[in-house]
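Undergrad: Top to bottom, those sequences are chains B and A.
Under full-length UniProt numbering, think of the first position of the first sequence as 1, with each following residue one higher.
Under full-length UniProt numbering, think of the first position of the second sequence as 1, with each following residue one higher.
It is worth saying that the hints were derived from the structure and are not from the lab.
One thing to keep in mind: the hints can contain errors.
[To be verified] To give a feel for the contact side, a few chain B residues facing chain A, derived at Cβ under 10 Å:
{"id": "1", "residue": "Pro44"}
{"id": "2", "residue": "Glu200"}
{"id": "3", "residue": "Tyr203"}
{"id": "4", "residue": "Ser205"}
{"id": "5", "residue": "Asp224"}
Note that the structure is a prediction, hence the values are computed from the model and not measured.
The C-beta atom is built at its ideal place from N, Cα and C for all residues, glycine as well.
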Amino acid sequence: MYPSTVRLLNILVPIKRCVDYAVKIRVNPQQTGIDLNVKHSMNPFDEIAVEEAVRIRERMKEKVSSIKVVTIGPPKSAETLRTALAMGADSAIHVELPESAPSPEPLGVAKALQAVIAREKEKGGVDLVIMGKQAIDDDAGQTGQILAGLLDWPQATFASKVDVDEANGVVNVAGEIDGGSQVLKCKLPLVVTTDLRLNEPRYASLPNIMKAKKKPIEKLSPADLRVDLTPRLETLKITEPPKRVGGGKARCVSNVDELIAKLKDAGLVTS
Amino acid sequence: MSANSTRLRALALYKELHRLGRDYPDPNYDFLGKLRRMYEKNRHLKDPEEIEKALKLGEYIKNETLALYSLRKYRHLKRVYDPAPLPKPPL
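So here's chain B without its partners, still in its complex pose (with noise of 0.2 Å):
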């Protein structure tokens, strides 16, 4: 057991822009993706990881020195930046593709994130990163762990519950699994991913969006970080699901025999 030392926390939130959770999705006319003149906010799940490090700083006070949040995406994400600095993080990090660029994939995510993470040790480094378990619109899943695989960092995923124990470097992460819940107990730096019961994230009042315009983003690309993000799968078609077939006649039967040779048609009753 080392003696304690005075260290402080700064916490990285990637966070993204996805399509609103409320909007009702729909195939484009080309059938290669989603419709997506749509209202767009912050995947869910972000905004609990964003919500979580700001309660952090509020337990924590001074041993958090920074909380600053990066998205990689087109102009309209810096939006997403302002909302998370309303929120309570300090500064944002905008790696920023071109209007028309496709989607980064989880992998692309991750390595652009660990450039990143790369880039801001000679400013203190990243202790903890903190994001969403997955994305609402392609609900991958897997950019948390991928970066955590990169960097070579433990990771606590499906976070319901993220104690840090500043004095020790640990910090304890509880998680559901299967059949019950786990805790386990990280060194830092470390990567946590945020479940729908972490916390109940804050409203973005107005006099902090105010505020938050102030706040710095600094803007990158790809190239600055020397990550290339073009796509490894090519998406062919997309098209919706076939429309559910009704009960049908079914629902029709005059007696019991006949429901009965129904079911045994459906394949429902052996005997």
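Mind docking chain A on chain B? Use the hints.
TA: Below, chain A without anything else, positioned relative to chain B:
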């Protein structure tokens, strides 16, 4: 409390409620219209107690709307990402 400070409070509250009202889920409920009409109705209030009551009502509506939005979002996310397991059929 000067009239100017309550005016500032009322305006800030209006801006906040307006921003919230833009995302109201039910298209048949005219949130922004109602907001405007309630403010128009109360614009001539002079008694500080009445003004305070009206502002408190506005704050209450703001909190209720926020609760509606966050509950709606949570319920949707829970349904999609953490659905309750189907009950086992009886043997």
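Undergrad: All the hints need checking, so say for each whether the structure fits it.
TA: Each hint tested on the structure:
no.: 1; hint: Pro44; in the structure: holds, 6 Å
no.: 2; hint: Glu200; in the structure: holds, 6 Å
no.: 3; hint: Tyr203; in the structure: holds, 5 Å
no.: 4; hint: Ser205; in the structure: holds, 7 Å
no.: 5; hint: Asp224; in the structure: violated, 34 Å
In this structure, the one hint that does not hold is number 5.
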